[in-house]
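Asker: Once you've looked at the hints, dock chain B against the given chain A.
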Amino acid sequence: MDLNTITSVAHPESRAQLPVWTAGDAWLAGGTWLFSEPQAHLSRLIDLADLKWPALTITDTHLTIAATCTISELDALTCPPEWLSAPLINQCCRAFLASFKIWKTATVGGNLCMSLPAGPMISLTSALDGISTIWKAGGGEQKLAVLDFVTGNQRNRLMPGDLLRQIDIPLAALKRRAAFRQISLTPVGRSAALLIGSLDGAGVLNLTVTASTVRPIRLSFPQPPDANALRAAIAHEITDHLYHDDVHGKPFWRKHMTLRLAEEIRRELLDSARP
Amino acid sequence: MSFEINGKPFSQAPRAGQCLRTFLRELGHFGVKKGCDAGDCGACTVLLDGEPVHSCLIPAFRAEDRAITTIEGLGGDGTHPMQQAFLDAQGFQCGFCTAGMILTCASLNQAQRTDLGAALKGNICRCTGYRAIEDALDGKSNVDDDVEAGGAFGRSLPAPAGPDVVRGKARYTFDTEIDGLLHIKLVRSPHPHARIVAIDKTAALNVPGVRAVLTHEDVPDRLFSTARHEKDWMDPEDTRVLDDVVRFIGQKVAAVVAESEAAAEDACRRLNVVYDILPAVVDPEQAMALGAPVIHPNRTSEHRVADAQRNIVAETHGEFGDVASALANSAVTYEGTFTTQRVQHAALETHGGLAWRDDAGVLNVRTSTQVPFLTRRALSDIFDLPMDKVRVFCDRVGGGFGGKQEMFVEDILALAALKTGRPVKLELTREEQFIATSTRHPMRVHIKAGADAAGKLTALQLDVLSNTGAYGNHAGPVLFHSVAESISVYNCSNKKVDAVAVYTNTVPAGAFRGYGLPQTLVAVEAAIDELAKQLGISPYDIRRRNVVRPGDSMLSPPPSEYHDVAYGSYGLVQCLDLVERAMQADAPQPDLSADWLLGEGIALTMIDTVPPAGHIADAMVALNDDGSFDLTVGTAEFGNGTSTVHRQIAATALATTVDNIRLKQSDTAHGGHDTGAYGSAGIFVAGKATQAAAENLARELKSAAAGAWLCDAAACTLESNAVVSGVRRMSFAELARSVREEGKQLGASGNSLGTPRSVAFNVQGFRVAVNKGTGELKILRSVQAADAGVVANPMQCRGQVEGGVAQALGAAMYEEMVIDATGRIINAKFRDYHLPSFADVPRTEVLFAETSDTIGPMGAKSMSESPYNPVSAALGNAIADATGIRFTSTPFKPDRLFPALHAKFGS
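Those protein sequence lines, which keep their order, are chains A and B. Going by full-length UniProt numbering, the first residue of the first sequence is number 1, and it counts up by one from there. Going by full-length UniProt numbering, the first residue of the second sequence is number 1, and it counts up by one from there.
Chain A on its own, in the form it takes in the complex (with noise of 0.2 Å):
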């Protein structure tokens, strides 16, 4: 829709160029959430897109996503076949509740700062242990992991200015075995709960748990665990006040639905692993 208070939009080309933060500025990557709700509130748009940061790169040890890559381009990226996790970005994409017209413009790093417990790009990063970078207000960067970044529905930690840079996923969390489990109150709708399970080498069974939590959670089981240990795992780090509340999902299904949907990971994870 029409921003009708908006009077400028700055371009910048480089961090040096970034103007001083002032009430009523917002930064504008996709713009895909921006421009779908009234905001009396701003009058300067900072543009991202001139900074022409790089989609993707992958280095020895990290696939490093800039927070203006949008969904589609990671969609798109090749994945050599020793990433055993690469569904799930597919996964990820398609649990979104916006389709593909939308994932052209929105982004990976506008899907963070959104902080809405069904984003998918949350899911998606957290299970992958990603690492963000932010670059502060006042100068410098401060790097955080993205199961931190996220602190509530909507809530995370960035404070006025500060500007997300970049997710870095190391390449081993890519290369785990993976089992992903989404269920919505709807076939193809807003994640109600978003679970992504990882196994790595030495046996270590990780679970992120997101969508029915009001923030990314992480169980991580040194030893396997039964049926049992895993339901009292998540009972005593999930407490009731965590599951988060509202149109997509009353929170007695929510949790429900991740008992489930963790044992289904669980079984698919450790099942296939027995010899």
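Be a bit skeptical, because a hint or two may be false.
Estimated spans, in silico, between C-beta atoms of each pair [said to hold, decoys possible]:
no., chain 1, residue 1, chain 2, residue 2, range
1, B, 11, A, 264, 34 to 42 Å
2, B, 231, A, 160, 56 to 64 Å
3, A, 160, B, 820, 25 to 33 Å
4, B, 826, A, 267, 36 to 44 Å
Some chain A residues well away from chain B (every beta-carbon gap over 10 Å; in silico) [stated by the list, open to error]:
no., residue
5, 40
6, 45
7, 52
8, 53
9, 99
10, 157
11, 168
12, 172
13, 201
14, 246
15, 250
Hint data in this document are derived by calculation from the structure and do not stem from the laboratory. C-beta atoms are modelled at their ideal positions from N, C-alpha and C, and glycine is treated no differently.
Answerer: Below, chain B alone, put in the same frame as chain A:
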């Protein structure tokens, strides 16, 4: 800046915060539609460098130096294959989503085409139920070719507006340019109940470009109802154009009129309104309780408010026989309480319009309405203008479903045009649609029912509480309808009704497809099934044993004032048989785990084919010199398909083809009267007027030819665009010219008063699977049988049934307006109010009973509301059959079903 749109360069510069959607429309590309303005519905889809995007989310400046393709440019100078496919399949009804749908479909790759549920999740169609859209993608044609002159009725002819719809040329309400247009934005109440103490306009008026700020001090002191009916006595007088008391969050407080929407919005934010906050009540039970805040304290029976001190706007009570003793003596009984939630029409075109006073002093209102004539009458009354000084009309309307049988914007448009002397425009946002138009009436229905050992009903009792919200538009008629056909369809000697509609400090409810019946059917049809289960008889058999048949009185207490409902035709038992056979037909066994419980359920509905107490339509048809005809009707087209059928009726009566009939419609300036396109009256009433006009003209044609031939008109017939008598033949064109030489033109009019009325029937069947571990619900089979009399246009009628099922499935499974304890709607956007998308809607097998109605035009009956009615009820019955649990509240969402499933089956 430079932009390339449909291959043409443009050098205009967008505003800093402007989105691409409005920029394209400002440059004249009206095919780019606004459904939500928030990226959820896809109606604004355009191609950016060949890739589909939602233009409402794209900052316009980012399209600089890129190639933009709108629906107008998709086919170049011709027709794109996808546009042709949508025409062949008739993959649209109102057509408002069509441009975005076609652009999206045209850009799908092969992989996406194999998973349309995911590929089309960003495109909402509220009308079709998506089957016809899938047909377009499959390259199917649903249109009858080679329809001979005089043979149009009963054939699957395409909608006349189709070519314009698929090319983005069809003009909807806002698709017009007017010089010097002012824009209206409304200040809305943040409080559920408050008295306005003062309004300081100073800061608002100081915003550059603001031309007027209108408040309750500027409006005529007239009470009316936003509901529009032929008879004003049907609705309470409880509403003002702008009031000094606000009764729900979202009620309009003031209108700012300015040179731009931006200036109007700015002034709205600067308007200083001082409220004296009053106690509010949002729960309907509490609203009736002693000591509850009184919402309309000064209204009396003179204003047609039943009991203002108890917040009761309408009520009805009555009994036949003795229900209590019949229940005491029944072999089986059932008692239950059912609730239905607040849902909304969600027509993709929002309410709104344009108004201006022309040089002749006539106030013109171009608006998105189902009722132009009744709106003119209301404006004439409120603003004290002669009827001939007000013109209300609509071009193509982007969906209605009852939501536009109201006057929500035309009063403000008229006020602003009259006060400023300038043309004005008001276009509601999607959020305003949710918080400030109307909804279905949420109802709590308590039912008691009994049957004897043979399965004959002994007693039916309904106790209904309807929440009409802050204003009583449609409160009474919906309430009365809800307790009428829902039980009058069953023979039963003991029936009792207690029904009450109450005011609350929430968004008003209003007319919505089915008009009260879907809510009560959830209870009635569940009770019938529960009795059958106790007796061990099938859901089909118990209904066959109890439904009315021709000759039976159709009774519901208290005795109806109207005795004009007759069995013009009867196909209910046929419908039951058709659904039973179809449900028994072999189907592939679904590949489902043991967690899935399978079940089947049915429900039926009867509906009077016309609203009670008068529904009037005039039609005129005239012969042109070239042998074609001009047909003028008052009824409106908003995807209901009546434009197609009116031409079919006229072409059939006049022995011509539909392309020879030019239709003019829905404009008070054309003369005559039309009560409106509601109550499924577009064919049954207005179609009868068209039939009468065409048959009258046919007689005129014969008699004119007979006069020329000096023969008996009775010896003349109409055949293939000519009058024929023996070997003599005179084409309509020759006839037109010969009477023209005498200075005459042949024309005739017809009229229908909407009485007597007939009854139409539908039976819905579902086979479902319910996952006991997750609460998920799958529909494995959906069948609906409809008794529409002689089906005027099988393709369109099928589409009405499919669309009704899809919309009703939204209410049965997904949709729910959530109102918090303060009366605020917390999910006023499509991403939080889930409309069925392609992936959510099963294909429904549509079967027609073979009947011919003695009252309806050419044997046809109405069929646009009733397909909706039995859907929630049938789904509830199927879920009960699958799970053994009777769920009594819609929507049947996984998180609502889960707790009881978990309690019964464990994890």
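Asker: So which hints don't hold here, by number, going up?
Answerer: 1, 5, 6, 9, 14, 15
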